[in-house]
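S.K.: Chains as they are written, first to last, in our numbering: chain R, 1 to 264; chain Y, 265 to 500.
Keep in mind that the hints were calculated from the coordinates and are not lab data. One or more hints might be untrue.
Chain Y regions said to be covered by chain R (calculated; three or more residues, Cβ under 8 Å) [claimed, not checked]: (1) 315-329; (2) 335-346; (3) 464-473.
C-beta atoms are modelled at their ideal positions from N, C-alpha and C, and glycine is treated no differently.
Residues per chain, in single letters:
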Amino acid sequence: MGAPFDIGYIFSFLPKLLETLGVTLLIVAGSLLTGLVAGFLVALPRMYKIPVLRTLSGIYLSFFRGTPILIQLFLFYYGLPEMLKLVGLDLTRAPVMFFVILTYGLHTGAYAAEMIRASVEAVDRGQVEAAYAAGMTPYQAFSRIVLPQALGIAVPVFSNLVIALLKDTSLAFTLGVMEMTGKAQTLGTLTQHFIETYIALALIYLAISFTLERLLLAAEHRLTRHEIRERSGGATWFNLKRRSTYRSLLHNLPDVDTGKGGRI
Amino acid sequence: MQLDPSFIWTAFVQLLGAIPTTLSITVVSVGAGFLIGTVTALLRLYRIPVLSQIASAYVTFIRGTPMLTHLLLIYFGLPVLIDALAVQLGWSFRSVSIPMIGFAYISFSITAGAYMSEVVRAGIQAVDRGQLEAAQSVGMTSFQSLRRIVFPQALAAALPNLANSVIGMLHGSTLAFAVSVVDINAQAQIVASTNWKFFEAYLAAALIFWGLTVLIERIAALIERRVGAYNRGGVA
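Bound-form chain Y, shown alone (with noise of 0.2 Å):
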């Protein structure tokens, strides 16, 4: 078998169908995770009694295992629960309805609230707790001192982990194939097992993450500089 230049073409144009399911995937995974992780690393700061150990222990286990595990657990899990629930409850509602990408939607926005939790937990600890006690001492209450003082400069801070984690969760997108979900990996896949000429398609496939994952790194590097404008030293 020879390398053929031109089927790697013909599947980079064939994947790129498939990037919408792939970034969607993504959009979710970390919007939701993002949400979760706040909620998670604000229970730990807070310390708030029995809520702080659960998020502990929820942390500790997604980070613990690997993402696929956690897919597979939800894929074959969640629907026994849900119809269990659904037969004791009475609603008409049945696991089979949940579409395959649904699965892959909450099971990774599940794992990547636990990554999220620590990046945001971070990125708050780095504030300077001067900070916070300036904001109170003209007069803020805990919630606005939190979201007008302390969350922007955690953001800043937490820029460049968030980014790191948005790219994890574009590359472990590609573990939806397990549930059937056609995003660029599987795609790549169905590409070539019309004529076995795997290497060009995955070679087609590396090429658009590679390129996906350089602008995510730009578009957070534009944004760092914008965030941090007020840290810049000098004069101008």
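Looking at chain R on its own, in the form it has when it is part of the complex (with noise of 0.2 Å):
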């Protein structure tokens, strides 16, 4: 199968892969802004506990997290021409990137709202009533305590979900968009050194994951020097951390956690 390994080619093949890096950054970007804003959107009625709206962000919610990225962007490019056309909308000639953005956008939205909602639940009830107690109106009571505290716990699902996204744009190829993923399967059938392609590609996308990491690594630091941090503790032959309750076991979890482990 192909032609034999030379190492040689993963060197003169990531220049080529890192030309196509832009359109990958591009979805990630436009999809992590559509999905903000959606994830906001969704999380309001659940937040404020609004009747029917809550009832339908809970199937949106549902339906982009119980259903692959994968379906969801043949059924986005199929369906939603066809769903627009009945309202006079025609999209047939709209490019293929915006069906992929849209897409992208909505699948993070629904974990985004997630993130958000947990992240405001997570903040003490006690600032935002010592906000009153100062007299805060509510306005200044959650742009002052409640989002700089909430962003704070808010970062590292975030950090989860730029890269979880940024791992599924690899399937943005099936619709015939030239990303990376895309662009590396160009050349492997090209020179026939597929392996040598992917593994220039891989390395690319580790460089990049590790990079937000560390990027919204320090971000976290930033957001939450307010809070004291524990010491890990000294050298044990079993890395168990000493919690004060046993019954707090449970609760302890990393709870804001929105699932979205950065699969795919």
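From the two separate chains plus the hints, produce the assembled complex.
M.R.: Here it is in structure tokens:
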């Protein structure tokens, strides 16, 4: 299968793949923006418990978290033009990129909504009460007290979300978008050096995820600098932390995690 | 082209036949991944010199790259490796006898292993250290205290994450189309290719995946209530 392995090809493929890095990052940035807006809109009815809208956003969350992104891509690509034709909108000439960003955006939106809701709810209720007691308006209490703390809580989840999104974009080639994975397949077919192309591809993804993770970790440290950091316990032979009470066991889990552990 | 509701049903029925393939990929990758993950997590928790660094590198690499690249690397790389070894060592086994689904099993197990190791590690770390100390003070060996005291509690703590991993692998199994395995996703493509009703076919596929996901969530919630029984408050 293919030509014999030659490590030199990995290095010559790297710059060729990096040419399409822009497309990959465009999908990531575009869908992140769409996703945060969608997530915020979906999280609001759930946080304020608005009757009908709350059910609707529940269905949205369940659907986008309950079906694979690959199926969603095809569903939107084939289905959306037909659906919108019924209301008189013609999307048949819209670029593929539009569908790709929209689908990834709505997919990310579902996870972003859970992230926003969980982070806001993780801020202690007493903080808001104290803000009111000090005479702040609801808007002031949110923007000065809740938001800065919620941001710090949300960053680790956000980091997972961005990295998962980056990895998910490797599926955009199925709709014919020439991003990095699509480019790698073309290079592989042309030169028959499949293994080398995919190693180069994996290295680029690894470098980007690593950079993103570091950047967001730095952001997290900056945003949570008001918290007293727990020193990691000295030299123990087994790395278990001591918890205050036995019953706090199940409640000490990172319940802010939305389940988007960065798969695919 | 108009929406054809009756074809959604036709596609739905035809897709049911591909469910066993999807489920077998999910079950194999989650099962093997859990074993790999547990070993990897223990290597890192016990800080065993060289092995724990290898384990960390494995987890970092897998979690930093898309699942599709793992599949493609295994699909193109493994046969080369096996054939080279077979020639060297004089095996009669050749890579052509590996079925396509075998590549999916191997690659997805490796992927799942890295994610599972984080799940297992978080679960074990959620257990209070006093539990382990108590177990040893009543005379249990390291292995006994792990098996009887730490693991059952870690499992209870890890269940929500475990369920998420299972769902992730269920959704990830759609990538098997890349190595020509006919799972639900590939079957949807095949069903639609005769009459170009892709939307209807993928709608049916989405409904099946949605149903399976909700089912897994329900089962996980049931098990969670069961294994978390010891930790419930109240008097009854």
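S.K.: Would you say the segment 315-329 of chain Y counts as covered by chain R, given the rule of at least 3 residues with C-beta under 8 Å?
M.R.: holds (count 5)
S.K.: In terms of beta carbon proximity below 8 Å, does the segment 335-346 of chain Y have 3 or more residues touching chain R?
M.R.: Three-residue rule met by the segment 335-346 of chain Y, so holds; n is 6.
S.K.: Quick check: do three or more residues in the segment 464-473 of chain Y have a beta carbon closer than 8 Å to a beta carbon of chain R?
M.R.: Coverage by chain R holds for the segment 464-473 of chain Y (5 residues, Cβ < 8 Å).
The structure fails none of the hints (numbered hints given earlier).
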